[in-house]
Amino acid sequence: MCGIIGVIDRTMSRMDGSHIKRALSLMDERGSGEGAGYVAYGIYPDYADCYAIHVFFDNLLEPKTRVDAILKQWGRIVHQEEIPTYEQPGLKKEHIPWRYFFKPFTDLVVGSTNPDDDNVTNLVMAINTEVEGALVFSSGKNLGVFKASGWPEDVANFYRIEDYKGYIWLAHNRYPTNTSGWWGGAHPFNLLDWSVVHNGEITSYGTNRRYVEGQGYQCTMLTDTEVVAYLFDLLGRKHGLPSEMVVEALAPPFWDEIDEMPEKKEEFMKALRLTYGPALMNGPFAIVVATKDGIVGFTDRIKLRPLIVGENGSKLYISSEEAAIRTMDPDVDTIYMPRAGEPVIGRVVE
Amino acid sequence: MAEPLVIDTKGMHYTPLNRQIREAVASGVKEIVLNNVLGQRFIGNGLRGDAKITVNGVPGGDLGMFMSGPECEVFGDAEHAPGNTMDNGVLIIHGSAGDAVAHSMRGGKVFVEGNIGYRGGIHMKQYECKRPILVVGGTTHAFLGEYMAGGLILVLGIGHEPAVQDRGIGSGIHGGEIVIRGDVDVKLLGVGAKKVDFTEEDLENVTPVIEEFCERFDIDPKPFLNTNYSKIVPSSARPFAGKYTWE
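Protein sequences appear in the order of chains C and E.
All residue numbers for the first sequence refer to the working numbering, where the first residue is 1 and numbers rise by one.
All residue numbers for the second sequence refer to the working numbering, where the first residue is 1001 and numbers rise by one.
Simulated from the structure, these hints should not be mistaken for laboratory data.
Predicted, not measured: the structure shown is a model, and the values here were computed from it.
No residue lacks a Cβ here, since even glycine has one placed at the ideal position from N, Cα and C.
Hints should not be assumed to be uniformly reliable.
[What the hints assert, rightly or not] 30 Å max Cα-Cα, derived DSSO-like pairs, lysine-lysine:
(1) C:72 to C:292
(2) E:1187 to C:264
(3) E:1243 to C:265
(4) C:64 to C:92
(5) C:141 to C:72
(6) C:141 to C:165
(7) E:1187 to C:270
(8) E:1130 to E:1194
(9) E:1187 to E:1243
(10) C:64 to C:292
(11) E:1010 to C:165
[Unchecked claim] So the derived list for chain E, only partly shown, Cβ under 7 Å to chain C, looks like this:
(12) 1024
(13) 1039
(14) 1058
(15) 1077
(16) 1079
(17) 1080
(18) 1098
(19) 1099
(20) 1118
One chain only, chain C, in its complex shape:
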């Protein structure tokens, strides 16, 4: 059991983190105090064209020297600083959160339609597998993940997330069941523009992991959810599928449902299921994924985890509990439960 909530303001009007902190804290019982986190989009307007690389360092000596060297080899560090944190009695500071604003050298990667993203993906994988005592947990432009082992309100106060303003927020309260809680295992999981929060477990993790590792990704977070971020990056960015189609590949309709579809749709769904068989996710899950362009929420096909949607004007909310949405926005005017496997999409309007 975990608690998730996400919000987008489709007009890109920015909200500070105080509301989502209250909403996530309302779902304290969905976690165990071993992991909570937040991600916000649009928080670094002064460095909007830089990749914001957030790193957990065990110390600022050897691991940081090695990360500095890797970054300087692959691009230019425009600015760097320790992420401001504020001591909390209920939270043990086990790592030093650091951030780099980074511009990759574009000419280092060839044969790619988005060399900068590939460059950053490569160096994230390199740091996370090769540098002891350093873990990159956020690597997108103009966005940042803030997470730790602790209760939702403690983690929020540790980073003072009310000081950040974003047009998309996702938040997660973790109840680790299959692997132990640690800072890197808290959600959201992020790679480049993709951030994922997840309630449930992905029992197909082994198959999915082998599939993404065959495509150059490395799983290093000791828990299943990170594979979802890599699947979205692979299907959504590298293969260029729209969000609806990514969800159809990861949580497709049952074969008997496909059999009853109109012929063209049936043919397409069969092709999609066969092409992306190893990307299909099994097990109970409710997931919200964000990119700079929007958010998408969906559940497993037999709905073994809760998901509820709220709308109020330009704002779309997706959460485990209705009360959490109403905590963020008492005036929310539409509340509904999406059908299992059906994507709920909120896109920014330019």
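Based on the hints, put chain E in the right spot on chain C.
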């Protein structure tokens, strides 16, 4: 009659709230009004007696869990599993509810005016005079009455044609009955469920339930007493006999 006890629950955690409710009922309070409820879990948990609780707002999960006797009326939606293992009494929800409504319920009534989520009435049971009843005014999602062992689920499907369109109805059902307004496509039935004729006798049996539901929500019962229903029951007492055991 004594004045009701009114509690403003704004920002209150469920533990002190439930303690206050229990103490009040133990001291003889018959009516409690909870205002500004938002997300507090386990309201009325294990409560006994004949008190009446009015909830204004959206209560958290497991509303009325193990409750035995009281009546709880919610003016708002409910989250997951209201009526979880409820033993006796009534839950009346003037809104919709989440997944696993009436989970493992063993007695009493749960009335939901709007829709419910997935797995409504999962593993409801019955024993001798204990027969739980779940009535849904709107529609329900998949796996209605999953692993159902007893009791009655009635779906009126007001504003929905067909009343239920999700799959897996009565998946693993081995006791009790599911009654749905209108015809139900057999392809929506789960493993172990079968559709049988809805007889005059069946209508007589559900008539008092329909009348009580309609009275609670101020709905005209006539259209629901003069229409067709589908009745879904177990095809055998052991639907998975060959799946988990071998002779």
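To see whether the hints hold, each was checked on the structure:
{"no.": "1", "hint": "C:72 to C:292", "in the structure": "26 Å, holds"}
{"no.": "2", "hint": "E:1187 to C:264", "in the structure": "23 Å, holds"}
{"no.": "3", "hint": "E:1243 to C:265", "in the structure": "34 Å, violated"}
{"no.": "4", "hint": "C:64 to C:92", "in the structure": "21 Å, holds"}
{"no.": "5", "hint": "C:141 to C:72", "in the structure": "18 Å, holds"}
{"no.": "6", "hint": "C:141 to C:165", "in the structure": "15 Å, holds"}
{"no.": "7", "hint": "E:1187 to C:270", "in the structure": "21 Å, holds"}
{"no.": "8", "hint": "E:1130 to E:1194", "in the structure": "24 Å, holds"}
{"no.": "9", "hint": "E:1187 to E:1243", "in the structure": "21 Å, holds"}
{"no.": "10", "hint": "C:64 to C:292", "in the structure": "28 Å, holds"}
{"no.": "11", "hint": "E:1010 to C:165", "in the structure": "27 Å, holds"}
{"no.": "12", "hint": "1024", "in the structure": "23 Å, violated"}
{"no.": "13", "hint": "1039", "in the structure": "3 Å, holds"}
{"no.": "14", "hint": "1058", "in the structure": "5 Å, holds"}
{"no.": "15", "hint": "1077", "in the structure": "6 Å, holds"}
{"no.": "16", "hint": "1079", "in the structure": "6 Å, holds"}
{"no.": "17", "hint": "1080", "in the structure": "6 Å, holds"}
{"no.": "18", "hint": "1098", "in the structure": "6 Å, holds"}
{"no.": "19", "hint": "1099", "in the structure": "6 Å, holds"}
{"no.": "20", "hint": "1118", "in the structure": "4 Å, holds"}
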